[in-house]
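Starting from the structure of chain A, add chain B where the hints point.
This is what each chain is made of:
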Amino acid sequence: MTEKFVITICDGTTCINHGGREIQTVLQEQLRRNSLSDKARINLSGCLGMCQKGPIMVVNPGYTIYGSVQVEDVPEIVQKHLLKGKEVARLVIQEDHLYNCFLRIFGDSSFFGRQMRISLRNCGIIDPEKCDDYLALRGYEALAKVITDMSPAEVVEQVKKSGLRGRGGAGFPTGLKWEFSAREKSDRKYVICNADEGDPGAFMDRSAIEGDPHTILEGMAIGGYAIGADKGIVYIRAEYPLAIKRLTIAIEQATNEGVLGRNILGSDFSFDVELRLGAGAFVCGEETALIKSIEGGRGLPRPRPPYPSVSGLFGKPTLINNVETWANIPVIILDGADWFSSIGTETSKGTKVFALAGKVVNTGLIEVPMGTTLREIIYNIGGGITDGKKLKAIQTGGPSGGCLPASYVDTPVDYESLAQAGSIMGSGGMIVVDEDSCMVDIAKFFLEFTQDESCGKCTPCREGTRRMFEILTRITEGNGQPGDIEKLERLGRMIQKASLCGLGQSAPNPVLSTIKNFRQEYEEHIHQKKCHAKVCAGLITYQITEKCTGCGACKKICPVTAISGSPKKLHVIDSEKCIRCGLCYDTCKFSAIEKV
Amino acid sequence: MVTPLDVIKKKRAEAVSRIISKNFLATKRVYVGMATCEIAAGSDEVMKVFQDAVGKGRLTDVYLSQKGCAGRCNLEPTVEVVEAGKNPVRYGKINKERAKEIVERHLRNGEVISEWIID
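Protein chains in written order, with the working numbering: chain A, 1 to 596; chain B, 1 to 119.
Isolated chain A (complex conformation):
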């Protein structure tokens, strides 16, 4: 990666339709013919958000953007730009979207170039503790613009037009939410940022706040202006000390700069933001429980309606959105609702951030346009499955989501497609599962989490998830009974229908979706007492094979002295005594211990 030039060609659908793929072929040919193959590298990117001017080609260094590039233009670009260092002026286009700054530093990488950073546009390129860095990248300009040029109703209209939907998971149209709170008459209204990120393995919100805290504040202030609120609250979990520190710094800086506080930028609009720390209860991510917690009560959900937009914090109209949703707002205002809604699919606009984890080469935080397929995410950005193993399933949406089998890998990521396939978008957890994982065990993992986090207010969730967890536990321990699967299905459906809030309504999803897609694995566990993936401790035994050199390492580490054998002789495991902790398996240097 020490080439002189990196030429990024947009490989998004629109650019391909305009002939982008031919451009790639011709460019490759031209580079070879001019002996530039070592000096220039071609990098394919995902949609660059300039579809109307496609095919797009970006030449780095210098970040020169060429638009509407035709096959016959390629030799000219190579001759002039790459060989003589002069831009081909007639093809250069000026596109200055907010996300371009990110691409200037990261656009030539195959990991980042395939992504589109709208809400995370500043994460990784600015110093999050310096307000100047944010101001320099048009920070708070969106807020100034709405105060100067737009009426509150126009702001709501823009957000509606953008097609933005709630990024916390449920996907409710953000603009509608704003409209509902805006039309309420009240002496006091509130704006809340839900930063109570609780899904195991999810860190989208934490990274967003730690990387670019001012964006969230700006988004909230715009929300306040639109609905007529002068008070904003960020509800953030106490487990995020650095995020809290950076938000606190940001609030102080913003107040000093006059972009928060009384009479913002000399106008008559005032808006304050303060922090409320959550103690880490998962249920407090549910909006009514969150509000209860801010009020000083125990974090318990309540039935809706009335929705918070009508009667929320202290009974006042309250606009509550997720961190990622807020981070999109300044972009919608500055780059326009039309541009924003040109990205994504028919029903889901813009981009989505995912915490990509599990058995994938490049684990990481990614942001892709809606409609990107799971295949592109896992193979192009994620770099494929670790150790060349086979993909088995994709878990999206964390403990509220589901598991899609590998055959669904071409599903585009948007709210409807994922729901149709049997999972949910959720807040953005994405766990890649390979052939070595047991689906029953995964379902049990998530249920263990939700049954523990159930607040206990309603019976279906409190008792139901507990019973489901017990059934799953006995299945994984080898004590499954015929009829257990049906029992799980029946219980799951009841909990979904009868629970009070989103926690319970979605808690059975990991179990129901794995039963639907991997029923055979459940049956094997129950009837043949076998765990195909050799994960469930109760269903496997450890054996020592001929490869054993008699080194004694396993004997030494076994906590229950189940291993016997003399030095340099084959050792044996007493399976009666063995507690299947797997320590010997991990310790053996000769792969002489097998799971059967």
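Take these hints with a grain of salt, some might be off.
Okay, derived cross-link-like pairs now, DMTMM-like style, lysine to aspartate or glutamate, Cα gap no bigger than 25 Å in a straight line [unchecked claim]: (1) K595(A) / E416(A); (2) K96(B) / D149(A); (3) K145(A) / D230(A); (4) K4(A) / E101(B); (5) K10(B) / D441(A).
Simulated from the structure, these hints should not be mistaken for laboratory data.
Chain B only, in chain A's frame:
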């Protein structure tokens, strides 16, 4: 009449000149990832190496800044070296020792250390 939009544009111009006055236009800009995840992987020690190098005058023509997490979880701590007219260089899995080498080899002698580059 001065509108909020005018005010913010003035603020931006001031912010830009403040950033420039802090040596932003130096030949090389160095960014060190300093989010919770990066720090857990040891980036605070890495940052300290660069800070010391600047403080002790080993590095003069360099603008040093922290940054949030860009998202390369498995390759952290990450460091970027951005130089005008050249493609940005992104390093992954940087520890104290590697940071010292980046100071000497890349920042002082202009040698890009290709083994540590991440795509």
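Consistency of the hints with the structure:
A hinted pair counts as satisfied when its Cα atoms are at most 25 Å apart, and K595(A) with E416(A) does not qualify at roughly 41 Å. With a C-alpha separation of about 51 Å, the suggested pair K96(B) and D149(A) falls outside the 25 Å cut-off, and the hint is violated. Restraint check for K145(A) and D230(A): satisfied, since their Cα atoms lie roughly 18 Å apart, inside the 25 Å limit. Among the hinted pairs, K4(A) with E101(B) is consistent with the structure: their alpha-carbon atoms are about 23 Å apart, no more than 25 Å.
For the hint pairing K10(B) with D441(A), the CA-to-CA distance comes to about 58 Å; that exceeds 25 Å, so the pair is violated.
Checked against the numbered hints given earlier, the structure breaks hints 1, 2, 5 and satisfies all the rest.
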